[in-house]
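*Asks:* Here is what each chain is made of, one letter per residue.
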Amino acid sequence: MHLAAWPVFLPLIAGFIVLLVKAKGLLWQRVINLLAVSGLVILSVALIKASSSGAHQVYLLGNWVAPFGIVLVLDQLSALMVTITSVLALAALGYAIATDTDKNGAHFHVMFLILLFGLNGAFLTGDLFNLFVFFEVLLLASYGLLLHGGGRLRTKAGLHYVIINMVGATLFLFAVGALYGILGTLNIADMAAKVAVLPEQDLALVAAAGLLLLVVFGIKAALFPLYLWMPIAYSNTSAPVAALFAIMTKVGLYAIIRVHGTIFGDDAGSLAHYYMPWLLGLGLLTLMLAAFGVMASTKLREQVAYLVLASVAILLIAVGLNSLLALSASLYYIIHSTLIAGGLFLLADIISRGRGSFEDRFESSYAMPRAILIGSLFMFGVVAVTGLPPLSGFFGKLLILKASLDHQWFGLVLGVVLVASFLMIITMARTGSQLFYDVLPVSETDDKSNNNEISGESPNRVSIIAVIILFAMSPLLVLFAQPITAFTESAAKQQLDSKRYIESVLSKQAVEAEKE
Amino acid sequence: MEWLLALVIGVLTSTGVYLTLRARTFPVVLGLTMLAYGVNVFLFSMGRLTIGHPAVIDPAVGTYSDPLPQAFVLTAIVIAFGMTAFLIVLALKARCELDNDHVDGLDLAKDELPLEKSHMTNEQKQQATLIQQESKE
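For the record, the sequence lines run as chains A and B. When we follow this note's numbering, the leftmost residue of the first sequence carries the number 1, and every step to the right adds one. When we follow this note's numbering, the leftmost residue of the second sequence carries the number 1, and every step to the right adds one.
I should point out that these hints are in silico values taken from the structure, not numbers from a laboratory. This structure is a prediction, so every number in the text was calculated from the model and none was measured. We put the CB at the ideal spot given by N, CA and C, even for glycine. Keep in mind that a hint or two might mislead.
Said to hold, decoys possible - Calculated cross-link-like contacts (lysine-lysine; reagent style DSS-like; alpha-carbon spacing at most 27 angstroms):
no., chain 1, residue 1, chain 2, residue 2
1, A, LYS499, A, LYS194
2, A, LYS49, A, LYS103
3, A, LYS24, A, LYS508
4, B, LYS93, A, LYS299
5, A, LYS493, A, LYS402
6, A, LYS49, A, LYS493
7, B, LYS93, A, LYS22
8, A, LYS103, A, LYS22
9, B, LYS93, A, LYS103
To be verified - Here's a subset of chain A near chain B, in silico, CB distances under 10 angstroms, partners left out:
no., residue
10, GLU136
11, HIS160
12, PHE174
13, ALA178
14, LEU324
15, LEU325
Unchecked claim - Over 12 angstroms on every C-beta distance to chain A, these chain B residues come out as not near it, computed from the model:
no., residue
16, LEU7
17, GLY38
18, VAL61
19, LEU90
Hey, can you work out the whole structure from these sequences and the hints?
*Replies:* The following block contains the structure:
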């Protein structure tokens, strides 16, 4: 089988196997899931290597030639996204196993693998309707994961999440239908070729359908005003699931880069990049509101969810800047923000467990066990996520801000990004001192068990390692900044060159049957 | 007949939007179903409306109707069906856990009692617990 097909089918097949060995107990499911996710990590290294030549690798499913069949397209951008997903999934899975999150209900591992199947499929497909199907696959798995373990708050958050995503699915179908009605194709490359030669009277309709599609991806990417579901959902689910969901908002962003960037690229005539002002303006608004959300949060996990929102907003701004430099910077920032956000969700859960019945609320509590280690990790994560030097968040933001200087809105972009980052730095400093310094004195006479309070549990070693693995990516991103930025720049170049994408997808020949 | 089809899509969609914006889970489920119906008819019409043409290309008949939208609709129906089933179960779960069927799990209506109290008065409840205790003994 072609290399591009493996990341899609490996989790699917592993998911089936996990379902079949359910009777054998949890250990088997864990082992198979771990093997599959480790396989994905190895596979993604191979994908990066295969894609770095700069050529698009096209796989025709069922040997149907594009645009008649569905194609999987591997390029540097999709290889990068698959890699981030598998690293994040490995850490989240390790944490889930270490803390026994998967014991809280059935089928955790199946849904985990099917979510990976949906994610990788969405990253690799070259067909708009197939993208819709993969979105539904990953959403259905994410519903199950979000609700996994149960609980009142989780059910409530899950209900909102499911309903808004079902509305999103309907809008997606309307947009797809309208585009098909005019262009007569849903292969992304073919659509781009058709938009380039679109007659005058159809322009408005295609533009409207394109913006409708932007709304759909905006729901996924938590773009203002469609982000309200996101902090609630992320802060109420279990930690490994929230960590894995750090990639879910980036799927929306990826879809905008891939679908809009290709179809409404340089060659689209009067429709070229017409959605960019929307992306930039709404991104700036989202970032400001995310910073306020960070300040207003009353729980650590809610705060981390708003930090994720802020990172997505910065990415939307970077994509909205619409230049090669900005896109390359945003790809660098995607790697950083996804992995650090995942790590922070896991760390928030460790802190919450360590504080016993105080959980992650911002109030004085008894000192948590191993506070120095956890506090140092927290400080490290916060420095990375808020973009202070010397970690990768700083360099990511610096690259984006540097790219913004060429844009006509540069004053606004600089102002909003810097003010929002400043607010977040202050708030996170307050959070850190609240959690780690504002400690209740433990007196001998005050017996905790009488007060009906659960004392905090000491963190599990494996769960700490999972956090450290994710956080370690930040200094690595700084140390290897040169090769990584070289890679993101060539990925951005490849993505912006939609002519070559169209050509390589549409010119792919079917494999001849072997003659006997 | 185009106006009739357009009217049907419009009515289904607007009903769906209205019901989706309601505050209780059941109307929301119905609204999402209506939206799914609306979008299915819309997708179907996007292959252009033709009458009496085969979907499979037949050299004997010159024209054919576009088979792709039909495949899209089939996929969309299956997905919407599965999602709706899931949503109904989730709505039921929310009804049980949050004690009412408001989408935010809040705000009981004035004449509405929480779930466990709605069926029996306090005396009946005490009786029920007594009977339970007796049966245990």
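*Asks:* Taking the hints in turn, state whether each one holds.
*Replies:* Verification of the hints:
1. LYS499/A to LYS194/A: Measuring from Cα to Cα gives roughly 12 angstroms; hence the hint holds.
2. LYS49/A to LYS103/A: violated, 37 angstroms
3. LYS24/A to LYS508/A: violated, 45 angstroms
4. LYS93/B to LYS299/A: It holds: about 26 angstroms lies between the C-alpha atoms, which stays within 27 angstroms.
5. LYS493/A to LYS402/A: holds, 18 angstroms
6. LYS49/A to LYS493/A: holds, 17 angstroms
7. LYS93/B to LYS22/A: holds, 25 angstroms
8. LYS103/A to LYS22/A: holds, 13 angstroms
9. LYS93/B to LYS103/A: OK: LYS93/B and LYS103/A at ~20 angstroms, within 27 angstroms.
10. GLU136: Status holds, d = 5 angstroms.
11. HIS160: Status holds, d = 7 angstroms.
12. PHE174: At about 6 angstroms, which falls below the 10 angstroms cut-off, the nearest Cβ of chain B leaves the hint on PHE174/A intact, so it holds.
13. ALA178: holds, 7 angstroms
14. LEU324: violated, 35 angstroms
15. LEU325: Result: violated, 39 angstroms to nearest chain B Cβ.
16. LEU7: holds, 17 angstroms
17. GLY38: violated, 8 angstroms
18. VAL61: holds, 20 angstroms
19. LEU90: The claim is violated: LEU90/B sits with its nearest Cβ about 6 angstroms from chain A, within 12 angstroms.
Of the numbered hints given earlier, the model fails hints 2, 3, 14, 15, 17, 19; all others are met.
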